[in-house]
Amino acid sequence: MKSVRLFGLAIGVSLALSTAAYAEDLTIAVAGPMTGGYAAFGRQLKNGAEMAIADLNAAGGVLGKKLLLDVEDDACDPKQARSVAEKIAGAKIPFVAGHYCSSSSIPASEAYADGNVLEITPASTAVKFTDRGLWNVARVCGRDDQQGKVAGDFIAKNYKGKNIAILNDKSTYGKGLADETKKALNAAGIKEKMFESYNQGDKDFTAIVSRLKRDNIDLVYVGGYHPEAGLLVRQMRDQGLKTVLMSGDALADKEFASITGPAGEGTLFTFGPDPRKKPTAKAIVEKFKANKIDPEGYTLYTYAAIQVWSQAAAKAGTTDPKKVMDTIKRGSWDTVIGKIDYDSKGDIKQIDYVVYKWDANGGYAEISPKGS
Amino acid sequence: MDYFAQQLINGIVLGSIYGLIAIGYTMVYGIVGMINFAHGDIFMIGGFIALITFLILVSIGLTTVPLILLIVLLVSMAITSLYGWTVERIAYRPLRHSFRLAPMLSAIGVSFVLMNFSQVSQGARVKPIPPIITGGYSLLESDGFVVRLSNAQIIVVLTTIVLLAIFTWLVSRTRLGRDMRACEQDQTMAALLGVDVDRTISMTFVIGAALAAVAGMMYLLYYGLVDFFMGFVAGIKAFTAAVLGGIGSLPGAMLGGLLIGLIETMWSAYFSVEYKDVAAFSILIVVLIFLPTGLLGRPEVEKV
Numbered sequence: 001m002k003s004v005r006l007f008g009l010a011i012g013v014s015l016a017l018s019t020a021a022y023a024e025d026l027t028i029a030v031a032g033p034m035t036g037g038y039a040a041f042g043r044q045l046k047n048g049a050e051m052a053i054a055d056l057n058a059a060g061g062v063l064g065k066k067l068l069l070d071v072e073d074d075a076c077d078p079k080q081a082r083s084v085a086e087k088i089a090g091a092k093i094p095f096v097a098g099h100y101c102s103s104s105s106i107p108a109s110e111a112y113a114d115g116n117v118l119e120i121t122p123a124s125t126a127v128k129f130t131d132r133g134l135w136n137v138a139r140v141c142g143r144d145d146q147q148g149k150v151a152g153d154f155i156a157k158n159y160k161g162k163n164i165a166i167l168n169d170k171s172t173y174g175k176g177l178a179d180e181t182k183k184a185l186n187a188a189g190i191k192e193k194m195f196e197s198y199n200q201g202d203k204d205f206t207a208i209v210s211r212l213k214r215d216n217i218d219l220v221y222v223g224g225y226h227p228e229a230g231l232l233v234r235q236m237r238d239q240g241l242k243t244v245l246m247s248g249d250a251l252a253d254k255e256f257a258s259i260t261g262p263a264g265e266g267t268l269f270t271f272g273p274d275p276r277k278k279p280t281a282k283a284i285v286e287k288f289k290a291n292k293i294d295p296e297g298y299t300l301y302t303y304a305a306i307q308v309w310s311q312a313a314a315k316a317g318t319t320d321p322k323k324v325m326d327t328i329k330r331g332s333w334d335t336v337i338g339k340i341d342y343d344s345k346g347d348i349k350q351i352d353y354v355v356y357k358w359d360a361n362g363g364y365a366e367i368s369p370k371g372s
Numbered sequence: 001m002d003y004f005a006q007q008l009i010n011g012i013v014l015g016s017i018y019g020l021i022a023i024g025y026t027m028v029y030g031i032v033g034m035i036n037f038a039h040g041d042i043f044m045i046g047g048f049i050a051l052i053t054f055l056i057l058v059s060i061g062l063t064t065v066p067l068i069l070l071i072v073l074l075v076s077m078a079i080t081s082l083y084g085w086t087v088e089r090i091a092y093r094p095l096r097h098s099f100r101l102a103p104m105l106s107a108i109g110v111s112f113v114l115m116n117f118s119q120v121s122q123g124a125r126v127k128p129i130p131p132i133i134t135g136g137y138s139l140l141e142s143d144g145f146v147v148r149l150s151n152a153q154i155i156v157v158l159t160t161i162v163l164l165a166i167f168t169w170l171v172s173r174t175r176l177g178r179d180m181r182a183c184e185q186d187q188t189m190a191a192l193l194g195v196d197v198d199r200t201i202s203m204t205f206v207i208g209a210a211l212a213a214v215a216g217m218m219y220l221l222y223y224g225l226v227d228f229f230m231g232f233v234a235g236i237k238a239f240t241a242a243v244l245g246g247i248g249s250l251p252g253a254m255l256g257g258l259l260i261g262l263i264e265t266m267w268s269a270y271f272s273v274e275y276k277d278v279a280a281f282s283i284l285i286v287v288l289i290f291l292p293t294g295l296l297g298r299p300e301v302e303k304v
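If you read the protein sequences in the order shown, they are chains A and B.
This note's numbering applies: residue 1 is where the first sequence begins, and numbers increase by one.
This note's numbering applies: residue 1 is where the second sequence begins, and numbers increase by one.
Simulated from the structure, these hints should not be mistaken for laboratory data.
We put the CB at the ideal spot given by N, CA and C, even for glycine.
Just to be clear, a hint being listed does not mean it is correct.
[What the hints assert, rightly or not] Lysine-lysine pairs mimicking PhoX-like chemistry, simulated, CA-CA at most 25 Å apart: (1) A/Lys315 - B/Lys127; (2) A/Lys315 - A/Lys292; (3) A/Lys79 - A/Lys170; (4) A/Lys66 - B/Lys127.
[What the hints assert, rightly or not] Using C-beta positions, here's what the derived DEER-type ranges look like: (5) B/Ile166 - A/Phe195: 40 to 50 Å; (6) B/Val233 - A/Asn216: 29 to 39 Å; (7) B/Ser98 - A/Asp359: 41 to 51 Å; (8) B/Ser98 - A/Val71: 56 to 66 Å; (9) A/Lys254 - B/Ile108: 28 to 38 Å; (10) A/Asp215 - B/Pro66: 48 to 58 Å.
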């Protein structure tokens, strides 16, 4: 009992100390799925944010203040995202880089708007995120209508006259992306043979796979995340299907290949041009590699989100979220993923989705825009 | 027809896994009269132990697949049984003569403890393994539709049949089985006649956990991954299967598991994937309206 009390005391003291530290320094937050099925992406966000903060602090901080990072876990659950957002707003943190899942970013942004917090998402692509006209949201990634258009055009060009199926996981991101892709496909004169949805967390896709087989589907487009897409591919190959799976930016993590094994070869997905290969990213990628981190997927986007905010805060001479947001929307920002310009909604003006393909060695690479 | 055959295979394999888990629910209910909500998480623990054992065996350089499978099976059954035994000893036995809902609440608590324990100790991410059992057979072929039966599917179904046979024999022909049936009918009377009730109940939990471990391992082999929250959904489905088949009845649990698996698959196959759970649970409700004790769960028939 005594040791428990001592332990409690120790926690109390350390909490008091950390609050003291908060008063002098400037805390910003990164929020995303640090646990749960999508934790691989939470790790990308955390890695990017930690590196960005270390680099900013090495260069003297923001407005002369040292930055501290508060890592929050929403587990990609809308309810938890909302309570995380209220916690961040309550702690008077001026800026959050997050969240990952669109279904988390959207409810969280409302709490941030009320609590005077600026939110830049590195990864949420749902159209609705910026379309609601909230003052406090921006992103450094593209939108699902852009991504769906690229995917739809790619399919229309390379799979003309073939059988297409579209699946989604009913999430804000997955359903949104599937709808946008369907729209682009239908506009190109292709009607999908099947439009179905499954549940997030499903493990058994054998029934869907047999349906794909019956309908001779050549390409199945999945609006969803990598654990489900990975299992779907694996079960397709188990049933002897050669159907190609295509999906969105949620497949940009090596964990996809560890789920599919060799079955993942040939899987396609859309994502921005590999940020690791941009000339602006070279030095920072080296730094990540030195720490044995592969800055894949949204790692560098998170870095960029923090860069945009810090540059804007420096230019505005304040961390007041409203003033910083005005500055962000009016300026043009040099980030690790290249130059970023904003429109009045908080969307970036650069649109540059490309198609990637998974190879047999568990890696992925861009394929030429005209298709393979 | 070929399409139907393929979906039948899919449904039977899924149903076998549900059935294996459902047996654990039904056995405990038959004897102690409580619903062991932690059983789904015992299944998850079984999957994790199978995964860890598998990785250890591979890292020490073992490559013979049948040998690996056998060792993984035995190790995960042994360790998971220990979990089952411990849970009963710590969380259920002290509450056995308490009011009826107490052990059930305690079971929900254990479920959270196990889930959080594996989340903390094993990490919150999905844990995949490379495919161990590959290959399969093409059975029928017409109009370009090939019915595939993979080796993993064969192993899942065969294991289920063999285990079901062993445990049916155990319950109906051995001393332990007789003790279990005696405890199920009247614990006080059984104790008066020299049956060690505590030991029998412990053994029931051990057997249930061992079967859950097998289900966990089959799950790992078939789907290629485990995660800390997989026990929840699988547990709910298996519990439903046990109720559908008639809770307390061993063949009922298996039948219920197969039915739930088949309903889900066939609904996804011919209607919409979206509503497969709605379909499964609607049929459960209809069955319970007309057969309140489930398909095979007549009160006068011996349960367990």
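Hint by hint, here is what the structure shows:
Straight-line distance between C-alpha atoms of A/Lys315 and B/Lys127 comes to about 45 Å, which puts the hinted pair past the 25 Å bound. For the hint linking A/Lys315 to A/Lys292, the alpha-carbon distance of about 34 Å lies beyond 25 Å, and the restraint is violated. Between A/Lys79 and A/Lys170 the alpha-carbon distance is near 17 Å, which keeps this suggested pair within the 25 Å criterion. Proposed proximity of A/Lys66 and B/Lys127 is contradicted: the alpha carbons are some 38 Å apart, above 25 Å.
Between B/Ile166 and A/Phe195 the beta carbons are some 46 Å apart, a value that agrees with the proposed interval 40 to 50 Å. The given range of 29 to 39 Å is respected by B/Val233 and A/Asn216, whose C-beta atoms sit roughly 31 Å from each other. A C-beta distance of roughly 60 Å is found between B/Ser98 and A/Asp359, which places it outside the suggested range of 41 to 51 Å. For the pair B/Ser98 and A/Val71, the beta carbons lie near 42 Å from each other, so the given range of 56 to 66 Å is not met.
The supplied range of 28 to 38 Å is met by A/Lys254 and B/Ile108, whose beta-carbon atoms lie about 37 Å from each other. Judged by the Cβ atoms, the range 48 to 58 Å given for A/Asp215 and B/Pro66 is violated: they are separated by roughly 37 Å.
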